[in-house]
Amino acid sequence: MRLPVRAVVSALLLVGLMPMPLGAQSPAVEEGFTPLFDGRTLEGWQGAKDGYEVRDGAIVSLPKGSGNLCTVKQYSDFHLKFEFKLTPGANNGIGIRVPTEEPGKRLDPAYAGMEIQVLDDSSPRYKDIKPWQHHGSIYGVVPAKTGFLKPVGEWNHEEIIARGKRITVILNGETIVDADIEQASTPQTIDGRDHPGLKRDSGHICFCGHGAEVWFRNLRIRELR
1 MRLPVRAVVS ALLLVGLMPM PLGAQSPAVE EGFTPLFDGR TLEGWQGAKD GYEVRDGAIV
61 SLPKGSGNLC TVKQYSDFHL KFEFKLTPGA NNGIGIRVPT EEPGKRLDPA YAGMEIQVLD
121 DSSPRYKDIK PWQHHGSIYG VVPAKTGFLK PVGEWNHEEI IARGKRITVI LNGETIVDAD
181 IEQASTPQTI DGRDHPGLKR DSGHICFCGH GAEVWFRNLR IRELR
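Our numbering numbers the first residue of the sequence shown as 1 and each following residue consecutively.
Derived by calculation from the structure, the hints in this document are not laboratory data. Be aware that one or more of the hints could be misleading.
Distance ranges between label pairs, derived from CB positions [as the list claims (entries may be wrong)]:
1. Gly104 to Gln188: 30 to 38 Å
2. Asp201 to Gly153: 19 to 27 Å
3. Arg225 to Pro151: 32 to 40 Å
4. Asp38 to Lys64: 32 to 40 Å
Okay, derived cross-link-like pairs now, PhoX-like style, lysine-lysine, Cα gap no bigger than 20 Å in a straight line [said to hold, decoys possible]:
5. Lys49 to Lys105
6. Lys49 to Lys73
7. Lys49 to Lys64
8. Lys81 to Lys127
9. Lys127 to Lys145
10. Lys165 to Lys199
11. Lys150 to Lys85
12. Lys64 to Lys85
13. Lys145 to Lys85
14. Lys150 to Lys127
15. Lys165 to Lys81
16. Lys145 to Lys130
17. Lys145 to Lys81
Glycine included, each C-beta is placed from N, C-alpha and C at the ideal position.
When you get a sec, could you build the whole thing from the sequences and use the hints?
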């Protein structure tokens, strides 16, 4: 049946006003920032894709999945912003300045690069962890201030700023790490282990899956010159 032109135009306008599915929405990005995730696919990411999925506009690390999901692009100095939501006992991390993984060889971003810990500090299973293992810490190098995570199941906002040897982590508006990694690792790191990644000045940004469900969304980055 042929519809009148006016009816067709009205229908098109109505469709344009209808809300998009949650997973298809593109949040506003601040000036100077570039999205790292399109809200629908893992385009621009590489690595352990079988350990992650896109769900409701977020990248979700799967409970039985593990491995590193990394940006295809490498970054040096940057300002990264994102939101994350923990499940009970969750453990993950944000790897920065991580080298490219060789096929068949899994590297540990906490040592090959740096890992900013993502952890449910409130879980009883972590009651005996070291200060440098708490959420937001530069794992094994700099302990973070604690007490600023929102309750499990709520969205947190985090920022990671890497400028030369200075790394800053801001959680829900509170600066929980602001450290010079060269000073923090002299004469040795707090965990007493070798961290060759501290000498790197660029690399991939990665999710470091440890077999727990964690949600990430609204990832955007600004490269610092």
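Please work out if Lys165 and Lys199 have their alpha carbons no farther apart than 20 Å. holds (9 Å)
Does the structure keep Lys49 and Lys73 at a Cα separation of 20 Å or less? This hinted pair holds, its Cα atoms lying about 16 Å apart.
Are Gly104 and Gln188 spaced within 30 to 38 Å by their CB atoms? With Cβ atoms ~31 Å apart, the hint holds.
Pair hint Lys49 and Lys64, alpha-carbon separation not exceeding 20 Å: Holds, because 13 Å separates the two Cα atoms, which is no more than 20 Å.
For Lys165 and Lys81, compute the direct alpha-carbon distance and say whether it is at most 20 Å. Holds, at about 19 Å.
Straight-line alpha-carbon gap Lys150 to Lys85, limit 20 Å: Between Lys150 and Lys85 the Cα gap is close to 9 Å, so the pair holds against 20 Å.
How does the Cβ-Cβ distance of Asp38 and Lys64 compare with 32 to 40 Å: does it lie in that range? With a Cβ separation near 25 Å, Asp38 and Lys64 fall outside 32 to 40 Å, so the hint is violated.
Does the alpha-carbon distance linking Lys81 and Lys127 stay inside the 20 Å limit? violated (28 Å)
So the hint says 32 to 40 Å: do the beta-carbon atoms of Arg225 and Pro151 match that? Given a distance of about 38 Å, which is inside 32 to 40 Å, the answer is holds.
Pair hint outcome, Lys145 versus Lys130 [Cα-Cα no greater than 20 Å]: holds (13 Å)
Whether the CB-CB distance between Asp201 and Gly153 falls inside 19 to 27 Å: violated (37 Å)
Do the alpha carbons of Lys64 and Lys85 lie within 20 Å of each other, as the hint requires? It holds: about 17 Å lies between the C-alpha atoms, which stays within 20 Å.
Hint compliance for this structure: hints 2, 4 and 8 are not met, and every other hint is.
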